[in-house]
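Visitor: Spelled out from the first residue to the last, the chains are:
Number of protein chains: 2
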Amino acid sequence: MNLDKCCIHTITTKPWSLSEAVDHYAAAGVKGVSVWQNAVENSTHHQAGELIRSHGLDVVSYVRGGFFPHTSTSERAKAIEHNKKLVEETAALGAPLIVLVCGATPGQSLETSRQQIRDGIEAVLPLAEELNVKLAIEPLHPMYAADRSAINTLGQANDMAEAIGSAHVGVAVDVYHLWWDGALETEIARCGANGNLLAYHVCDWKVNTLDMLNDRGLMGEGCIDLKRIGSWVEKAGFDGYHEVEIFSDIYWKMDQSEFLYKVTQAFKAHV
Amino acid sequence: MNLDKCCIHTITTKPWSLSEAVDHYAAAGVKGVSVWQNAVENSTHHQAGELIRSHGLDVVSYVRGGFFPHTSTSERAKAIEHNKKLVEETAALGAPLIVLVCGATPGQSLETSRQQIRDGIEAVLPLAEELNVKLAIEPLHPMYAADRSAINTLGQANDMAEAIGSAHVGVAVDVYHLWWDGALETEIARCGANGNLLAYHVCDWKVNTLDMLNDRGLMGEGCIDLKRIGSWVEKAGFDGYHEVEIFSDIYWKMDQSEFLYKVTQAFKAHV
Numbered sequence: 055m056n057l058d059k060c061c062i063h064t065i066t067t068k069p070w071s072l073s074e075a076v077d078h079y080a081a082a083g084v085k086g087v088s089v090w091q092n093a094v095e096n097s098t099h100h101q102a103g104e105l106i107r108s109h110g111l112d113v114v115s116y117v118r119g120g121f122f123p124h125t126s127t128s129e130r131a132k133a134i135e136h137n138k139k140l141v142e143e144t145a146a147l148g149a150p151l152i153v154l155v156c157g158a159t160p161g162q163s164l165e166t167s168r169q170q171i172r173d174g175i176e177a178v179l180p181l182a183e184e185l186n187v188k189l190a191i192e193p194l195h196p197m198y199a200a201d202r203s204a205i206n207t208l209g210q211a212n213d214m215a216e217a218i219g220s221a222h223v224g225v226a227v228d229v230y231h232l233w234w235d236g237a238l239e240t241e242i243a244r245c246g247a248n249g250n251l252l253a254y255h256v257c258d259w260k261v262n263t264l265d266m267l268n269d270r271g272l273m274g275e276g277c278i279d280l281k282r283i284g285s286w287v288e289k290a291g292f293d294g295y296h297e298v299e300i301f302s303d304i305y306w307k308m309d310q311s312e313f314l315y316k317v318t319q320a321f322k323a324h325v
Numbered sequence: 055m056n057l058d059k060c061c062i063h064t065i066t067t068k069p070w071s072l073s074e075a076v077d078h079y080a081a082a083g084v085k086g087v088s089v090w091q092n093a094v095e096n097s098t099h100h101q102a103g104e105l106i107r108s109h110g111l112d113v114v115s116y117v118r119g120g121f122f123p124h125t126s127t128s129e130r131a132k133a134i135e136h137n138k139k140l141v142e143e144t145a146a147l148g149a150p151l152i153v154l155v156c157g158a159t160p161g162q163s164l165e166t167s168r169q170q171i172r173d174g175i176e177a178v179l180p181l182a183e184e185l186n187v188k189l190a191i192e193p194l195h196p197m198y199a200a201d202r203s204a205i206n207t208l209g210q211a212n213d214m215a216e217a218i219g220s221a222h223v224g225v226a227v228d229v230y231h232l233w234w235d236g237a238l239e240t241e242i243a244r245c246g247a248n249g250n251l252l253a254y255h256v257c258d259w260k261v262n263t264l265d266m267l268n269d270r271g272l273m274g275e276g277c278i279d280l281k282r283i284g285s286w287v288e289k290a291g292f293d294g295y296h297e298v299e300i301f302s303d304i305y306w307k308m309d310q311s312e313f314l315y316k317v318t319q320a321f322k323a324h325v
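Going down the list, the sequences are from chains A and B.
Numbered according to the working numbering, the first sequence terminates at residue 325, and the numbering increases by one at each position without gaps.
Numbered according to the working numbering, the second sequence terminates at residue 325, and the numbering increases by one at each position without gaps.
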């Protein structure tokens with residue numbers, strides 16, 4: 055795949071400031087940027103969006119809201135207020151959507167957490183609709199079910215998006231979280247068919263993963279059949295960006311220009 | 055729960071020899087032992103079984119066979135021969151079943167690996183039937199899908215056991231692998247109803263897991279609601295042992311007598 059649909063998450067090149075990232079991405083022929091919160095530290099969100107657009111790049115998404123479940127009512131209310139602020143930031147950035155890492159809380163059942171996630175999304179939704187910001191539920195790998203997300207399959211994310219039933223709520227498909235799921239093809243078709251497939255994230259699963267959070271692989275370096283999953287996403291009618299999102303202690307230690315070159319080469323070869 | 059249904063996997067107290075483990079388990083009031091291959095090094099399998107029974111303990115299972123998928127035909131044939139040897143060892147030990155960690159191979163799809171798993175089980179089955187050894191398909195957590203098991207949900211294990219359709223093939227339910235699955239209650243009921251629920255393994259999932267293999271928690275130390283899952287297993291008609299299987303670099307470093315005390319206390323409090 056050429057780079058016309060290539061977007062990079064700023065976290066992928068974490069050592070770079072937003073300004074450095076944008077300069078390098080544009081020079082490399084990348085076309086979109088997904089902005090992590092930590093990348094917007096020295097400017098307003100509006101300025102950050104302008105900076106990105108001034109380099110001819112699209113602002114693809116803002117990452118990330120969510121973390122709705124808490125055992126205490128006041129903590130849940132705080133999470134909702136925080137997410138409203140994030141939706142405002144998404145709009146100020148000029149991003150069409152915010153990715154939701156929905157949350158989970160040890161000590162309560164995953165069903166209870168899922169109900170609190172739904173309540174949280176529905177509380178934030180009126181503002182999201184008003185500001186025309188979409189909320190993308192991202193199912194996370196089951197290894198994060200303890201405290202990061204009670205939504206661990208695309209089936210569960212689709213169920214929730216459909217139950218909420220707003221044009222401003224959909225799902226984000228990340229191969230790292232979902233590649234193992236026997237129902238993945240079917241569930242991708244399902245969210246594609248009803249307009250809920252909002253985002254597609256790529257990286258790879260290293261066979262010998264050293265760290266549960268920060269050892270994602272570059273595309274082609276692991277066991278995920280990206281071309282196959284990509285064909286399902288395409289068949290489902292998705293024509294948005296393929297977003298590279300790699301957390302890696304190993305790659306963050308590299309010279310980031312060299313790493314970016316590897317990213318673009320891997321994108322062309324494997325996505 | 056008292057210790058009448060308490061079984062311990064020898065790997066849980068890895069620093070102990072089988073003889074030490076059996077002495078300590080019996081003295082602690084534990085009633086069953088699941089024997090890992092590495093525990094039978096200095097005796098025949100028949101002798102190991104006799105040793106266990108002479109302490110008034112039941113031999114609950116032999117751990118573990120499987121690893122059927124390989125890209126090369128000759129490797130797959132070797133895996134089948136190896137599993138036949140393991141079935142013979144299970145019979146010699148006097149264990150009613152062997153647990154299968156089914157395997158997966160990077161570079162081929164999970165569907166292909168599952169087909170090779172089924173072919174492998176069916177090739178071993180005649181001998182298992184002849185020796186009256188049951189084969190328990192253990193679904194492994196999706197974080198092991200790259201190279202340890204292409205069977206990652208109880209639904210997939212149930213599908214395969216039912217497709218093979220032998221009284222000598224069933225499933226092993228391990229809470230560590232399955233606790234996150236929204237379909238778990240239904241799938242436990244399913245394998246209970248058709249006689250395929252052969253084994254039940256307990257431990258806990260630590261919220262901050264440090265290692266993907268060897269950082270399992272003691273029951274009560276993590277986020278798994280063991281009493282709830284235990285009630286599903288009981289409701290499904292299972293009345294076998296609750297098998298403690300903990301791999302932990304942390305606990306293996308402890309004095310194993312102290313650790314065994316913790317295990318029995320945690321079993322009484324949380325299982």
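None of these hints come from the bench; they were simulated from the model.
Think of the CB as a built atom: it goes at the ideal place given N, C-alpha and C, for glycine as much as any other residue.
Treat the hints with care, since some could be wrong.
Stated by the list, open to error - From the structure, some residues in chain A lie toward chain B, with a derived Cβ separation under 8 Å:
1. Pro196
2. Met197
3. Tyr230
4. Val261
5. Ile283
6. Asp303
What the hints assert, rightly or not - A partial selection of chain A residues facing chain B, derived with a Cβ cut-off under 7 Å:
7. Asn96
8. Asp201
9. Trp234
10. Ala237
11. Gly249
12. Trp259
13. Gly274
14. Cys277
Visitor: Take the hints in turn and mark each one as holding or not.
Guide: Here is how each hint holds up against the structure:
The interface hint given for Pro196 (chain A) holds, since its Cβ lies 4 Å from the closest Cβ of chain B, which is under the 8 Å cut-off. For Met197 (chain A), the shortest C-beta to C-beta distance to chain B is roughly 4 Å, which falls under 8 Å, so the interface hint holds. Annotation: interface hint on Tyr230 (chain A) violated; nearest CB of chain B at approximately 11 Å, more than 8 Å. Satisfaction of the interface hint for Val261 (chain A) is found here, the shortest Cβ-Cβ separation to chain B being roughly 5 Å, below the 8 Å cut-off.
Because the beta carbon of Ile283 (chain A) sits about 11 Å from the nearest beta carbon in chain B, more than 8 Å, this interface hint is broken. Taking 8 Å as the C-beta contact cut-off toward chain B, the hint placing Asp303 (chain A) at the interface is violated, the least distance being around 15 Å. A distance limit of 7 Å between C-beta atoms decides the matter here; for Asn96 (chain A) the minimum to chain B is near 32 Å, and the interface restraint is violated. A hinted interface residue such as Asp201 (chain A) counts as satisfied when its beta carbon comes closer than 7 Å to some beta carbon of chain B; here the least separation is about 5 Å, so the hint holds.
Checking Trp234 (chain A) against chain B by beta carbon gives a least distance of about 4 Å; that is within 7 Å, so the hint holds. At a threshold of 7 Å, the smallest CB-CB gap from Ala237 (chain A) to chain B is about 9 Å, leaving the interface hint violated. Violation of the interface hint for Gly249 (chain A) is found here, the shortest Cβ-Cβ separation to chain B being roughly 24 Å, above the 7 Å cut-off. Of the supplied interface hints, the one on Trp259 (chain A) holds, with its beta-carbon coming within about 6 Å of a beta-carbon of chain B, less than 7 Å.
Here the hint on Gly274 (chain A) is broken, as its CB sits about 12 Å from the closest CB of chain B, past 7 Å. Interface hint at Cys277 (chain A): satisfied, since its Cβ lies 4 Å from the closest Cβ of chain B, which is below the 7 Å cut-off.
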